[in-house]
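Assembling the complex is the task here: the two chains are given apart, and the hints tell you how they should meet.
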Amino acid sequence: MTTTVPTRPDTLPEQSSRRRPVVPGRVLPVVSTFVLFVLLFGVGSVRYEGFTSGQVFANLFIDNAFLIVLAVGMTFVILTGGIDLSVGAVVALSTMVAAATLRAGLPAPVVILLVLAVGTGLGVVMGLVIHHFELQPFIVTLAGMFLARGLCFVIGVESISIKDPFFRALATGTIDLPGGVTITWSVVIALVIVAVAAWVLHRTRFGRTIYAIGGSESSATLMGLPVARVKVMAYAISGLCASIAGLLFSVYMLSGYGLHAVGMELDAIASVVIGGTLLSGGVGYVLGSLLGVLVLGVIQTLISFQGTLSSWWTKIAIGTLLLLFIVMQRLFTRRNA
Amino acid sequence: MTSAQAAPTTHGPGLLERARGSRLLWPLVALVALVLANAVRNPGFVEVRLQDGHLYGSLVDILKNGAPTLLIALGMTLVIATRGIDLSVGAVAAISGAVACTTILGSADPTSPAAALKGIALALVLCLVLGLWNGFLVALLGIQPIIATLVLMTAGRGIAMLVTDGQIITVRNDFFAEIGAGFLLFPISILIALAALAAVALVTRRTALGLLIESVGINPEASRLAGLRSRTIIWTVYVFAALCAGVAGLMISSNVSAADANNAGLWIEMDAILAVVIGGSSLAGGKYSLSGTLVGALIIQTLTTTVYSMGIAPEVTLVFKAVVVIAVCLLQAPKVRERFTRRRRPPATAETTPPTRPRASDATFGTEPVAHDATAPKQKVAQS
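Residue numbers (numbering that gives the first Met the number 0), protein chains in the order written: chain A, 0 to 336; chain B, 0 to 383.
Careful: at least some of the hints might be erroneous.
Claimed, not checked - Coverage of chain A stretches by chain B, computed from C-beta distances (three or more under 8 Å per stretch; other residues unrestricted):
# : stretch
1 : 28-42
2 : 176-183
To be verified - The following label-pair restraints were derived from C-beta to C-beta distances:
# : chain 1 : residue 1 : chain 2 : residue 2 : range
3 : A       : 157       : B       : 113       : 45 to 55 Å
4 : B       : 262       : A       : 44        : 35 to 45 Å
5 : A       : 44        : B       : 223       : 13 to 23 Å
6 : B       : 266       : A       : 190       : 30 to 40 Å
Just so you know, the hints here were simulated from the structure itself, not pulled from any lab data.
All figures in this text were calculated on a predicted structure; none of them were measured in a lab.
Glycine included, each C-beta is placed from N, C-alpha and C at the ideal position.
The shape of chain B in the complex, shown without the other chains (with noise of 0.2 Å):
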């Protein structure tokens, strides 16, 4: 559903016409590409068996390691939808799993279902608490949101070390340990996230709410004017974003058993927003690919994965995923697919792209790209 949104539907191109246009393609070619290059060198790696009603098998590794990423990314396709970024999701996810350790550590049986579900539940009202934070500096003080996040990215990890205070939780709860490690056939961490990924897609493309998620990103103004809540819906985003953050980092404390203030979820705010991004999403707001996300939160943690069989340190991985993430922006961006396009089939173009300019007047308008691939959707609005 998403991936025809992005492709040009007026003309009705036919099938190839449409994949060739679809932002998806570069992404699920890599996947796929990434996968049977693993697979070519060790058959294994593709393999899956069924084992005491588990799947096992690195194809369902991934699914179980990528499952905080994709959650996490599911958020910030959200709030990158609004021309916003969240940074502090990460160590939002760090206070999470502070949180629900020292809760369940604190009460009177630790190894109760009771005590997991009063720390998550206690862990997640304080992410809804944080996310309405992040929600009131974005949305009401109308703080850059980069700047209003860095806030809390550099505060949480400190909240975090003050919840654990600065140890290494451990907790030996079965139910809490089902969260992050626990199987029903597939693992449930991965089920967790695929659900909220469904639901977001109910709600948002089946509903107005995507459309006005993606009107509020080309212009907040506009879109107020046109009679929409817009700070509502910034607001809104936010505080998904950060109830998916505390969701993920229940995730990773619960696979470990334990709560790292340091560790848990560093980094992660970066996977996402790669994920988002490699998924077609474009940071300038506007536009979103749910489908995208899900297909660069699986090449993230595939690519994670391939270097660790490949026996490469794996602090490496950062190399390849530098790689990955600037030949897909390169594959995406809108002045190399111009290029590209009017190379192989020049007559297309005029119908395809609305008005190119003369290239003298590239350099001219620097940020001309960007609005002009805004105006697609933005079209839309008008007609619905």
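Chain A extracted, bound-state conformation (with noise of 0.2 Å):
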């Protein structure tokens, strides 16, 4: 229980007789996206007046702390090797939930358990699929991805504006820190989740077995582990984790509408990748998704700064992002394999 990281090695290469340097191995791609993050806001720093404040770094969290959410899920479902598509969808039928089950004039904490529900509900019967029927966790989650945004536009084609007074506090409500720096509600949770996250994943016997999964999956079944229920509570966890980020952008936008968060999965899987989570399942940080999400975030902020620049450039410079952290990835796991 006590000596979780060190155990953990030996759970992966068994399928060699290769042993990888123990730490610097694991933890050079977090490093690097750390490196990276420091350098585009260094580079920020030199060419913008103004960039190097307290704000503009808060900015980072409060304008992903959805993202930052998402990209937590992401990262359980991908280090047991699977992936989840249907995280956009399930963001933007959260805010469709809540805006009109507000409407309706529900209490806000009914409505918020509701989305929970609705969320967790939806990633636990995607699990079950995927575990019980053996299907691809890529098809299936494409499937709720189809399903979660088609019931977006059974509820209502159009934007619902949200004015319940919880959720316009929860929006307007500021906390300052020290140096004049203030930060949302939002950033909090976010922060609170990513934490909760990597203690699950690192001082629990559940995330050992999600790592194990990742390493390989036959071999974590014939050790005895739970696979079936770790498997099925990962999607869970991610469902979760998007209604929970559909809560956050629904406060962030004040409204639900079935076209919120389109490709926003891309996006949570680019800040998984560019945080050295291995898309192959088993090697992974939450930490370094955390990273992943300021990365893509200050590339944004840049662009914005510059002025000059079109918001397309935005994708082509995640894209260019993707590409070098997979290849690096590859170099790297090649090198030692």
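Quick look at the structure:
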């Protein structure tokens, strides 16, 4: 229990006799993401006036709180070797459910519980189908994505604004930090979720089972680990995170709309990959995913500070970064192999 | 030809038996059921008229609008057969349309066929390069296909916006409009798509190429050791997929005589993957069915048209798609089929499906059914 981190490598390289260099090998991607983040921020500070303020840094969290939560959920699924394409649509569905039920007059706590139940329920169902029918996660979550997007439009085709006082208060309420920096409650929620997720992954039996499944599912089963339960739970966590992200997003936008968060699953996957998590599963950290989101955020901030660049450069930049990181990962794992 | 491959041919079963074993059965039933349901609701649905040398009718519309999906699904089938996936096709289609339209608009005489040809050629050459790029990442660098093509999926729309400068570019060029909106009795777009389908069927099923593609999908390393150029084959299928996407992009933009970098081919990669899966190709690679892909693409387009004609908000189509995908996937899942066949005719199972494992071990080897599914074509490789 107490020596989780050192024991993990034993579950990984059992397919071959290779032994990885223990510490630097696994942490290096996260470190390089961090270096990249610092570099990008440094470039911004040198080039643009007013970039090096605490508020710009805080804004990275404020504008990406939902993406952080989403990336955390995605990390769980990717660590088991799966993928969840439905998260963007679940975010949209959550905003829509929240907006519609609030308009119908339900109190805010009930609405929040309902949204969380919907997201988690969808995750559980997808996990069950993936595990028990042995269908590809890719195709099942793709169907989940279609289902969630479609349900948004069943609820309503138009955008619904949120007028609930609690949501409004959450949206406008700020917390003053020393140095004149303000953050929103969303940031606090997102960071708490990151902390909880990191704790679960590194300090609980459940977390170690997740890594073990990603390393080799059949070995994990042979070891007697509860693969079925943990795998389904991973998708449930992703669904839960997506619905929390949906709540944060509805606070951020103060509206529910079926076309919210189109393509956000790709941003989430990109953040996780840039954060150093291997898509084949078994290797990666939640902290890396957080850094990945921050890198994406800094790129967006840089482009908006530049002013002359159009928004589509963001997409090209994210694609290029994604490329850099997967090529790096590739060279890296090959050298160790 | 492809359905025969999917069915166990060794025992020479009767037609009914073979039909029941065929993976094409359920998709076909679904397609017929969809068309019938439409015909019952609205008898005009199956009506096809001849007017001015064109065929008109809902069925013809399905063919016309389904052509880009079919074409992309065709490329996707081969990619999936090598155990890959290409997420970038939608973005490639958008780039192709954008390049063609900007070239046409930028040429000396935007209405001339020469301008259209120049635009088309340029677009296709660019798609070739994009395909080479995807193939380079997957075949040479050995990056997982999902992620390698995710790069272009993310960046591709940005590139398309860059080409069009974020504008929707409209062109007036009769020659260009023919590709997506023209008729030669049948819509030209579906003729192009069917010609491509026939060509691929001929090349892959009448030569050993199809077998080689499948063997690469089953085990790239073993295929390489057996003397196949796995890398070249993988590279080729990605280039082909990108070319298909390029032509589909031309159809989409020519149909509306405009290039919309944001929305052209949006979600079409998902539709194409669905078409392939519905058609019975395994996402795990090693086995593909071109006729299945054709049926799959038609199902998806029929479904979309049905929802339109029922007067439901078009966005709700997604719910129906989700239901169909899950239903078809479940029907095709080895586990479900195993359970079905076992219940219906217990003695036959022993013959048709090689060693059924005791139930207790099912949980132990989570990935087994896929591998065991793939043994059928593998034996074929060995025999030939």
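Cβ distance range 13 to 23 Å for residue 44 (chain A) and residue 223 (chain B), holds or violated: 50 Å, violated
Cβ distance range 30 to 40 Å for residue 266 (chain B) and residue 190 (chain A), holds or violated: 34 Å, holds
Within 8 Å of chain B's CB atoms, at least three CB atoms from the stretch 28-42 of chain A: coverage verdict: violated (count 0)
Coverage of the stretch 176-183 of chain A by chain B (three or more Cβ within 8 Å): Coverage by chain B is violated for the stretch 176-183 of chain A (0 residues, Cβ < 8 Å).
Residue 157 (chain A) paired with residue 113 (chain B), Cβ distance criterion 45 to 55 Å: Given about 46 Å between the Cβ atoms, the range holds.
Distance restraint evaluation - residue 262 (chain B), residue 44 (chain A), Cβ atoms, bounds 35 to 45 Å: Once the Cβ atoms are compared, 37 Å apart, the range 35 to 45 Å for residue 44 (chain A) and residue 262 (chain B) holds.
Hint check: violations occur at hints 1, 2 and 5; the rest are consistent with the structure.
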